[in-house]
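Work the whole structure out from these sequences, hints included.
Each chain, written out:
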Amino acid sequence: MTARVYPPQASPAAIAIHEARRQTFRQRMKTAARLLRTHPKSFRLRNRRWATILLVNGLFGLGWHLDWEMLQGTFATSRLFGVPLSDPFAALQLFIASRSVPEQILLGALVVMGFYLVVGGRAFCSWVCPYSLLAEWVERIHLHLRKTRRIHDHSFPVTTRYGMTVIFLLLSALTGYAVFETINPMAILNRAVIYGPSLALVWVVGLLAFEAFYSRRGWCRYLCPLGVMFRLLGACSLLKVQYNLGTCHHDGACRQVCPAPDALEVTKAGHAPQLLNRLSGNCTSCGRCVEVCPTNSLNFVFVPFAPGADDGEIRPPP
Amino acid sequence: MTQRHHATPHGTRAGERTTSRRTFLRQGVLGLSGVLGAVGIGYWPRVSRAAPPLRPPGAVTEEAFLGRCIKCGLCAQSCPVQAIRLGDMAMGFGIGTAHIASREQSCGFSCDALECVRACPTGALRHQVVKMPRTSARMGLAVLADPDACLRRRTQPLQGLARQAGFQGRLRRRWGGAWQVRALDRTVYERESCDLCVLECPIPQAIRMDSARPDPATGRLVPMPTVLANCLGCGVCEMVCPTEPASIRIHPGLQPDQGSGSRT
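Line by line, the protein sequences give chains W and Y.
Position one of the first sequence corresponds to residue 0 (numbering that gives the first Met the number 0), numbered consecutively onward.
Position one of the second sequence corresponds to residue 0 (numbering that gives the first Met the number 0), numbered consecutively onward.
Think of the hints as simulated: they come from the structure by calculation, not from any bench.
Hints may be right or wrong, so weigh each one.
As the list claims (entries may be wrong) - Here are the in silico distance ranges between beta carbons for each label pair:
hint, chain 1, residue 1, chain 2, residue 2, range
1, W, A50, Y, R21, 37 to 45 Å
2, W, S99, Y, Q81, 25 to 33 Å
3, Y, D111, W, V110, 27 to 35 Å
4, Y, Q158, W, S99, 50 to 58 Å
5, W, A50, Y, Q81, 27 to 35 Å
6, W, G81, Y, R173, 24 to 32 Å
7, Y, S32, W, N295, 39 to 47 Å
Note that this is a predicted model, so its numbers are computed, not measured.
The C-beta atom is built at its ideal place from N, Cα and C for all residues, glycine as well.
Here it is in structure tokens:
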């Protein structure tokens, strides 16, 4: 067996586990398969998440239809009990496009960013974004088509969405419009929920078709610049999923359900630098991996009280 | 992208790697161009030379408005007659921006406190107009766009509803000392000669009914409404006009000193 290279920041304890596991690969796979078979299926977190998305979006709709004073607006900017809330990417585009910083928008964006700094950056993607709910349902069509070998999944470089972010900010500067908001499926759905259906839903259906037939969760994984904003926040958020190398069997059940492209790279054999590793900001805190893991090796932790280390931004092999 | 700093458990051969990298790049370029193509829809109104939409009171210029409006709909939610709507895809970059379709539901300056301007968090509706004379919040001007259709000019009476039964438009007024919102199709008019635009105009000295004005085409003296310099473009005249389409319409952004607004 050839020598294996480990991440430079890998601890001796983690390396020892990785080395020991290379010797017992077959046996571990058998154990993992048995554990996976007997692991009870749980959808508790997922159901709560779906309920949260429907509730939050429904509240915005009700706020309009029942003329509530306490909740007004859309995700772009709203007022909750008088507190302004703003979509940070829409706010950034507005600042650049209009070359001004309206204080209410700035305050609203800071409040939202502060909130997601606590509960986990891309928690927005999994727990609030209406598009992600539709995308999650459409993902089942994609997986079924792939299972029956009628389509292939096409992945993009994860850097694509950073490119998208830069391009859309540049476009805002050049045109003077918040260009991304023209095609933002999250905002289009949000307005449709509140004010009724619009022609723009055709674009959203097109995106969903792209995800169903071409690229699994393609928009959320590789394209959405709003996800990038929250991903950057997520890098230093307080609530994270932590991976325990010591109990893991590397069966890969978590990676099959994960909506983010490379948040769970750390769970692959030989990748984890520490015994306890917190997932990177790509993690959307959806909790599917926590539910499916047969050995409870993945758990939500509150970072100030968690002993683990960050996963060192592990990226997939190019 | 940072350097890969760990081993791949199941390594790929060098040949495969370059192929997949090329595919990756190609798909990245394809994806980006696809999305940018979708953005091109933003220029549709400019390509199709669509008329600019009527913006709520106190709006900055159309170009600035498109960049300023964050599409939050707070103005729409504060409007007591729900005159403000959010744009659809056909409005290009104006998707989700606040605008008013006067024919369906006019603004009418019916709240009088410019609630939409107060609600606007970005300054797309200029906050300072709240304390300035109402003319600074002008949305546009009413223009007798189709004089030949005007019932008054043809000295025709108006008996019954202004618009068809079931029309959803509302007027918010002080009726008997209290503010009320009343559906237009609840009011039955009995006018010997139609003068609804003057009758329902909520702005003092904004429109006048002239008994005899020279017809622009024939030069004959005919009765006709005249829009005055006080007009704020609130759109009530357009909403109540009984002809289909409306003979009098709001031209967005027009000021009394420009165009034909005050003289038509």
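Results of checking the hints against the structure:
no., hint, result
1, W/A50 with Y/R21: 37 to 45 Å, "holds, 44 Å"
2, W/S99 with Y/Q81: 25 to 33 Å, "holds, 29 Å"
3, Y/D111 with W/V110: 27 to 35 Å, "holds, 32 Å"
4, Y/Q158 with W/S99: 50 to 58 Å, "holds, 53 Å"
5, W/A50 with Y/Q81: 27 to 35 Å, "holds, 30 Å"
6, W/G81 with Y/R173: 24 to 32 Å, "holds, 29 Å"
7, Y/S32 with W/N295: 39 to 47 Å, "holds, 45 Å"
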